[in-house]
Amino acid sequence: MHGPLGQMFIDLSFSGALQIMLIGFIGGVLSGFIGSGGAFFMTPGMMNLGVQGVVAVASNITHKFGKAMVGSHAHGKMGNVDKRLALFMLLTAAGGIRLAVLINSLLFKSGGDGHGAVQGAGANLYISLVFVCILSIVALFMLRDVLSKDGETTGPSTRIAQLLGRIYLPPVIHFKVADVKVSLWVILLMGLATGYLAGTIGVGGFIGVPAMIYVFGVPTAVAAGTELYLAMFMGAFGMLNYAWEGYVDLRLTFLLYLGSLLGIHLGTYGVKVVNEKLIRLATAVIILLCVLSRGIAIPAYLRQLNFLAIDPKWDAYFNGASKVMLFASGIAGCGLILYNVFRAHRQRRQLQSTFGRPRPLAT
Amino acid sequence: MAIVIISSADEQTRRELAVNLARKLGCDSMSREQILDAATEAGIAVGKLEVAVLKRLAPRERLARDKARYLAFVTESVCERASKGDLVYHGRNCHLLLPGISHVIRICVVPEPERRINNIMERLGLDRDKAIGYIRNLDEDLDNWSHFVHGVGLTDPQYFDLVFNLQNISIESASAALCSMAQLSDFQPTPASIRAMKNLLLAAKVRNKIGTHELTAGADLRVSTQDGRVTITYMPGQSKIAPKIPEVVAGIDGAQEIVCTMATTNFLWIAESFDPSSSLFAEINDLAGRWGAAVELLRWVTPLEGGPGGGEAGFAVGSSPGVSPPPHPVPKAMDPTGGIEDDMDEPEEVPDNGLATTAERLIGAGRFGGSGSVAGQTETIVTALKSGPQYSLVVIGEIFLSKPSSVKTRLTRDAASFLREKVNTPVIIGDELQGQFLPGKRHLIRIAASLLCTAIIFGLVFTHQEQVMDFLAGPAWKNWRIVAVLGVAAVVPLVAYLYGSATGLLLKLLKFE
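Line order of the protein sequences matches chains A and B. For the first sequence, my numbering assigns the number 215 to the initial residue and increments by one for each residue that follows. For the second sequence, my numbering assigns the number 21 to the initial residue and increments by one for each residue that follows.
Hints are computed from structural coordinates only; laboratory data are not their basis. Model, not experiment: these values are computed from the prediction. Incorrect hints may have been included.
To be verified - Just the calculated beta-carbon pair ranges, DEER-fashion: (1) B:Gln203 with A:Leu301: 50 to 60 Å; (2) B:Met141 with A:Lys491: 28 to 38 Å; (3) B:Thr483 with A:Ile387: 47 to 57 Å; (4) B:Glu134 with A:Ser350: 20 to 30 Å.
Don't be surprised by glycine CBs; every beta carbon is placed ideally from N, CA and C.
Build the full structure now, drawing on both the sequences and the hints.
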């Protein structure tokens, strides 16, 4: 890329393209396996390859639009989508996305202002901090959940759900498919939070799905399907906003698709054949490692913004360590999932008819 | 043998009515509270279940197991007592118990509001406002409990035979009316209803045994029974437990044979007639193999008159939750004796229409998920589907066999669309199965075409990277900003659709679905 384009978008070599595809594949497997997210790996992964934070988020949210479109269509066929609930959440989710785009754009443009700050460092730092804070909370809750006494009976804190369940805030709307009654104000608040996070770091699903399950009381399958349907609109809205600002790198979006749309099918298959506790444990550990990896990159952004006085040579080390850690955790997590998927697939075929014959019983 | 089930949110009201009625009928009354104590003594964590509902905990494997065990315990207790003679049972939402047993009378009692408030004020020492608030919260919790345990709302009228509003009728009069109602032919046991109750009892016993036995207590198994055959479906991850299941189930009264099927999900095949040599059987078997699914068979005796939604209804047997017929809309009109049987021990001869042979073939293939029969209108199927587990797919086979071919096709399509509207499960007609779910030549052509189109778009973008990025964000981009945004909006979903379909179909060919 030449001129101003070169400052914003990376040059894509063959190995760079392969790495983006690999990021997409790992993100797709994780996304299919976990049921939401995937961006928690893809956004920092691209940033580690030198992609500007805002471009990584923009390209990822554009990628999310198409992916959610394909996924929600499949969920819709299974009757797992409450379109009405999704559309109500979208009312404020759009506002949340718009807010996120404005903040990201402002921070991106405020960097590189001639005062020594590197272009995009402010946005990179902001995205990384939100990423680390939100995903640390999500991962620690999941880990606590898995490692609790029996790993099943206790769930995440339900205090908010109980409180909201008891407070009657009219108008209360009944959603037929999800079969829940929820206050409009609670829906709008959750929509705003989901939209803001989707627009900032691309992982609105980490808020949207738990909110639907724990706060609204929506069945898990319907929550996942409805979130994908919502993600389709949020992705579309985010894409339009970022494209309007000129931050979407179509090449990155396409390369992500090459990996993710294959990986997502394998991840989804994994959910059917892998033990649920392993799914939750693997998810929590992978997210925590991704958080750690992003955390390692933060000192470099602080230096670029002159908040930290360290040798600029260290930037490469921070970025390198972050990249190695992210890829190691992603590849290990993805490898673990795929190993279990293929093993279970083979076993399932072998076991299919083992106990097929009826056995007479002594009564 | 009358079984009267009285549901009411107010314990005192329902207890008074139940005791009064039991005295009139000369039988025992039994309460939810009695069963609850027994369940707690048997080690079922009823308290945890209630806390889960109050705190709205997310559904978990352990919670689902506890719920299944609790439900099995209650069902077994009530069935055991009911099989000994008349029974009046009362509880909060007990009308949803014993689904499909036509000789059960299900009553809803609406308590007098003033009396209920006074009862609460007296019992809990609350002032009036707090008592009203308490009742509101309690009703909401009861509704949540009903959704949690039975999957339906507490006050859904279709699950009741009669509603008494105690503002307008006294307990004494309600009891007298119920006493007369219990004598009606509509609520007398029939061979089919007795068989259905035996199936329910056997399923509950098996579920209970599995839940208490150390070898299987931690396993998530699905149980269905029919005429002594127990079908247990288990997940692939539990294949180590599977060989122990017959050992655990052995000795249960009424269990004659056991079928263990490994499955990650289940299909429901609804038909009036089954044929294991048909192409539909082969297709369903193939798809079940690909999806790792167990196939449940539901023989639907379609209405004698009219189309879907019209006509009369009849018997219902089978204990699998999914195929268990609805708790109520099972009128007795098909019963030629009007419900009065001379010889109760004589089993009713029900034409099988290939159900047994198809079940045998599925057992041989390791894909049998249980079977049952139901008669009635399309609504009957809807209720059965809603009260059962979530199916991945419902396949409608041969139905409306007595109709001419064109009428049969139209009615089948109408029934399928009706079911699609009413249940959150994909419903498909047998003829469409191959085209939609099983890979064939058409799929190969689609894969090739999708990949070719994707390659062309990728080729254009990656051989013109500079121009593409210039168009999307370059110096002159501001002049055609709208065109650039629309371009992204058009091309991104197209690529996602083309490439996503190709990869999905490719993995389907490799049986990764």
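For each hint, the structure was consulted:
For the pair Gln203 (chain B) and Leu301 (chain A), the beta carbons lie near 53 Å from each other, so the given range of 50 to 60 Å is met. About 47 Å separates the C-beta atoms of Met141 (chain B) and Lys491 (chain A), a value inconsistent with the hinted range of 28 to 38 Å. A C-beta distance of roughly 51 Å is found between Thr483 (chain B) and Ile387 (chain A), which places it inside the suggested range of 47 to 57 Å. Taken as a hint, the range 20 to 30 Å is violated for the pair Glu134 (chain B) and Ser350 (chain A), whose Cβ atoms sit roughly 54 Å apart.
Figure legend: structure checked against the earlier numbered hints; hints not met, in rising order: 2, 4.
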